[in-house]
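> So the chains spell out like this:
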Amino acid sequence: MSLLHPDRLFPAEPATRAIARRLYDGIRHLPILSPHGHTDPAWFADNEAFTNPSALLIQPDHYVFRMLCSQGVLLEDLGIPARDGAGAEADPREVWRLLARHWALFRGTPTRMWLEHVFSEVFGTQERLSEANADAQYDHINECLKRPEFRPRALFERFNIEVIATTESPLDPLAHHAKLAADPWQKAKGRPRVITAYRPDPVVDPEYEGFIRNVEEFGALTGEDTRTWSGYLHAHRIRREYFKSHGATSTDHGHPSARTADLAAAQCAALFDRVMSGPASRDDAELFRAQMLTEMARMSMDDGLVMQIHPGSVRNHSAQTLARFGRDKGFDIPARTDYVTALKPLLDRFGLEPTLSIILFTLDETSYSRELAPLAGVYPSLKLGPSWWFFDAPDGMRRFREMTTETAGFANTVGFNDDTRAFLSIPARHDVCRRADCSYLARLVAEHRLEEDEAHEVAHDLAYGLARKAYRL
Amino acid sequence: MSLLHPDRLFPAEPATRAIARRLYDGIRHLPILSPHGHTDPAWFADNEAFTNPSALLIQPDHYVFRMLCSQGVLLEDLGIPARDGAGAEADPREVWRLLARHWALFRGTPTRMWLEHVFSEVFGTQERLSEANADAQYDHINECLKRPEFRPRALFERFNIEVIATTESPLDPLAHHAKLAADPWQKAKGRPRVITAYRPDPVVDPEYEGFIRNVEEFGALTGEDTRTWSGYLHAHRIRREYFKSHGATSTDHGHPSARTADLAAAQCAALFDRVMSGPASRDDAELFRAQMLTEMARMSMDDGLVMQIHPGSVRNHSAQTLARFGRDKGFDIPARTDYVTALKPLLDRFGLEPTLSIILFTLDETSYSRELAPLAGVYPSLKLGPSWWFFDAPDGMRRFREMTTETAGFANTVGFNDDTRAFLSIPARHDVCRRADCSYLARLVAEHRLEEDEAHEVAHDLAYGLARKAYRL
Amino acid sequence: MSLLHPDRLFPAEPATRAIARRLYDGIRHLPILSPHGHTDPAWFADNEAFTNPSALLIQPDHYVFRMLCSQGVLLEDLGIPARDGAGAEADPREVWRLLARHWALFRGTPTRMWLEHVFSEVFGTQERLSEANADAQYDHINECLKRPEFRPRALFERFNIEVIATTESPLDPLAHHAKLAADPWQKAKGRPRVITAYRPDPVVDPEYEGFIRNVEEFGALTGEDTRTWSGYLHAHRIRREYFKSHGATSTDHGHPSARTADLAAAQCAALFDRVMSGPASRDDAELFRAQMLTEMARMSMDDGLVMQIHPGSVRNHSAQTLARFGRDKGFDIPARTDYVTALKPLLDRFGLEPTLSIILFTLDETSYSRELAPLAGVYPSLKLGPSWWFFDAPDGMRRFREMTTETAGFANTVGFNDDTRAFLSIPARHDVCRRADCSYLARLVAEHRLEEDEAHEVAHDLAYGLARKAYRL
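Protein chains in written order, with the numbering used here: chain A, 2 to 474; chain B, 2 to 474; chain C, 2 to 474.
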């Protein structure tokens, strides 16, 4: 028995499945472009062995531990360190056994598909995880991880990744990227394999922990007087150039909402002074973030960086979990998100500029057919990012295409983002998306809404061409 | 010709249908657990014959009369009594003929499926209802109802119901449940067959008709001084125990919104004083309901009752219908419902408690993928109730699974609720859900997203195991 | 190779497809009822030849030029005239070449289907449009347009249109309709072929360009003193009668929201005075529109005109495009729309009136299952308009049926509206809807949720009967 069926995710109807298979065969071996994600650049810069199966596959993966948490497993028992010290000493083998014991929870979820893809394709396991085989599978993976062919760079090559973007704060020195720049591996293919992306939230969001201190550090780093609006803006320009010199082709903005603003310069300066002089009011914080999206658009028109806007997540919903374990512990929850009103100030200013490119994401599926596809289907500056986060799964992907294609077509979308910290799952995630897209296209072909020769071209675009173009790779 | 095709609701694609059949065959004969509904406990306590087909199948069923009303049939002509006396004298046979004349309206609706299941499986009719056969069908059903095997307890046993929960106000003396307790039929299977559930809206919602009078009666009933906040809370504790002694394992809360609050004790007392001293302001009423959800959670942690929250219905939307016919006349309309912000106060207080169990329902499907699945997929205290009310139908059920499984899996759902007053439709409703769930699972299996052996286990859980566990039956 | 496959849009599963084919064969040749649209009555009154392929098929079609615009094609290069004179001189052949060059953008969109239907069925072209054949196709269509059988009336008859409604402002003299009335062609079938509809936005919406001037003109036209509330209302009654005498059976209301109001007469008069005495505040404008929906309902009860409410479009989202090119340039974007609260004042007043008929549309799909189907499924005055604008495509149509049928059935819907300026696409649009509806019905039949004999009746209703009845044609 194999964990992965060759026809997985294809529609059951035989004629449609046959079309899906043909489309998929044409694109399955294309290189992976990963233009947005959260892998650790140190992996590629240092190329050290991963430590153990639990540290690699469970502890950094919020999809995994949030599901376990929902059924009463304690984060500390999964080895996730609490501020009071709990969890730090968890035995990785025991953590693994917890996953095995609760394996049934993941039925029907993408986590199950991704992990079985990793087990099967990366580690050669063909048996379903269970309490009975948990130790054996742990030992097997653990042994693998010690071998050179399981080091980050070897996997990178085996995964056929052409380029991967990590995401860094403007305050990050980009030391790993700098180290990589000096390493022949990085340019073995003629272009950098690991690039960065500019994620300025820590110096753009007045509600970010340590915002004022961050802006001061931002000044120190750039030699600008970031206590003034003009110095602050200039620091961004300097830092964006620095990021570009480390391969960046994009910026990324993780705001609570998609609100934008287009204030007069004097208002901007006054607003900046207010947010820099103590805890900002909620309204000021929101307005400042809104204005900064427009400022970032203005800079993008000059330096060519593509903007990504990832709005709509209520971060750290559980106050208790935030207090005890810190950020990013699976308690980020989507919220209703408006785009049509929120984006108007920015779009009225720059929306028709041919050099501007903004990729919009959402965690509120209702906005796809109502707002995002109509917006991206007319504004030349707008593109639709792929289905994101909770929607990064076969049914989520199907709904994305069904709710956007009839209004925005394919060319206003940008291919797939794996958006993950879980490096080993990257091929799995791209494969799921390729299969889901081919399934969608196969239905169009089977229903005579698209000819098969065209579907092959579209499949290629969705798997490779659009990402390359949209992210200016 | 038969009214019920054995393959009804299964996917048309032959291989998928074959899987669905196999899954369904494994669970079709499981006993029915009905942990949330609105049947009349007097039926089971007194076991008297139902009066006539229209009184049994039309007049109590708002799904039936709202559709007829939408096409111009007057409620009074259906024998629904108006306050001015109209409707009281309607001839049940004429009412039945109205249903038959308008039978085509129900094409494609669950009402059609439920009623044909009742006609076919309960009464043995195999002919589609029409004006031509209306009288004959009326007579046939009417004759059946006089026979002992159509009395409530006989049908209860024939329907293979293991346990059914009714829903009562805290002010209800539970006389029928008490009568049942003394009847050997009630415990013939070792456990009670008919249990109650604690629905405190009349003493929790300051906008409920007669709220202040209700709270006073609540005091009289419990011997507590319900004019004080502490006495009022204590009355709840007393009454919850009383309900538990009549089998209750759950409470139920039908609020306009899902808003919760976590006020300091002094604020609670002051708020309580305000809502008890005359018509509450809208804001106070909403805040009081919000605080009471948190209080109910606190009590649940002590007494183990599972909480159900059914928010988001705008009750009695038509002022004219309310004035003339009273509540529950088919004019309750869903409204947009927020959960992520609304539930935070309660969840910040008790959301991680392992002993707390809250089942969330919605009439706003958009919240499934955006809010409810992400919340239930991480908070151990939260579970997702099944698709409810207007969504209690094959496509509604399919969307529920498609929008929740990828994020929350199956284990964070609780099986099916029939939630009905229409006793005879209970097997039909459970059967529709079992078929819909098996169809969903069959698609996962056919697309190799789940192995068939696992799908059999999941099907069993969805039909029986999860309800038993979630409702602590 | 043919551009149109006979099985297009039918489900791929063979048994289901066979049912869909049978259903479609029963209705494919039914005449077209087009009760809501935006064709130019001058076409039918004057029956002159269309000028060239681009002026006919590209420049008036916002679906076409918005997609091209989204990928950087300039509106002026498409021959859409800017206020600065750009675009006026564009060569229609060059415009056509732009369409051909970007033809791939339309893959998966309804525009592609509609245009290929036009190319194939109207002009007999069987080759996919490309840069290589662009000139030849242009020439071929251009030649056709010069022939008598491609004049508007000939096409009207060839398209088997029984009746078409255009949409006019109350200020429109209806000269074309008057000319038609004197032409034997108009009544060759015993009833008028081209009728008007009353769209009073220019004199109802205080934010409409020139509102006060429009209301004054409205007075001049009707001989009423439209500076007074009572004179203004009376002018509507006069003008509605005038429209009825030119065939109108309906009114149409394109408000930003679905808000209604039911103010006392004195409040109405005061509000009217305010909106007529200078720029109205946003609140007053919204309240006035809200009150006017209720006034229109009151008039409809007297004169029998069916009301259509088309809310929820944010018009002219791009300020730059509005300034340079004017209204209706593809930048109307849907917004979230509430119905349940918004409609209550009107419904509390007139919602149960048997003579009132209101057809509700939406650009916010989330309202279908949550608000619109529950409302239309109980209020006798309400019906659901078909999927509209961005949703006027196979998947949008499927979601419409899936989200409304289980609650509101079929009889509370009104058949199809093509709602288009693109006269040649009318048969294509109706054909897409007929195929989509038959596909939905075929799934119900294949899943034994509806018997095939009933599905044939429903298919006929959806294609013809419901529109005739709902629009009182």
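Just so you know, the hints here were simulated from the structure itself, not pulled from any lab data.
Note that this is a predicted model, so its numbers are computed, not measured.
Check the hints yourself; a few may be wrong.
Note: identical chains are not told apart, hence a pair may lie in one copy or across any two.
To be verified - Below, a list of computed lysine to any residue pairs in the SDA-like style, where the Cα atoms sit at most 20 Å apart:
#1 K470 with G73
#2 K330 with P32
#3 K180 with K245
#4 K188 with R152
#5 K330 with D85
#6 K345 with D285
> Are the hints correct? Go through all of them and say.
Hints versus structure:
1. Proximity of K470 and G73 under a CA criterion of 20 Å is satisfied inter-copy only: 14 Å between copies versus 45 Å inside one chain copy.
2. Taking the closest pair of Cα atoms, K330 and P32 never come within 20 Å of each other, the shortest separation being 32 Å inside a single copy and 40 Å across copies.
3. For the identical chains of this complex, K180 and K245 are intra-copy neighbours only, at 16 Å inside a copy versus 67 Å across copies, given an alpha-carbon limit of 20 Å.
4. In this assembly of identical chains, K188 and R152 lie within 20 Å of each other by CA distance solely inside one copy; the values are 18 Å within and 64 Å between copies.
5. Only within a single protomer do K330 and D85 lie at most 20 Å apart by alpha-carbon distance; the minimum there is 16 Å, versus 56 Å between protomers.
6. In this assembly of identical chains, K345 and D285 lie within 20 Å of each other by CA distance solely inside one copy; the values are 19 Å within and 23 Å between copies.
The structure fails to meet hint 2 from the earlier list, while all remaining hints are met.
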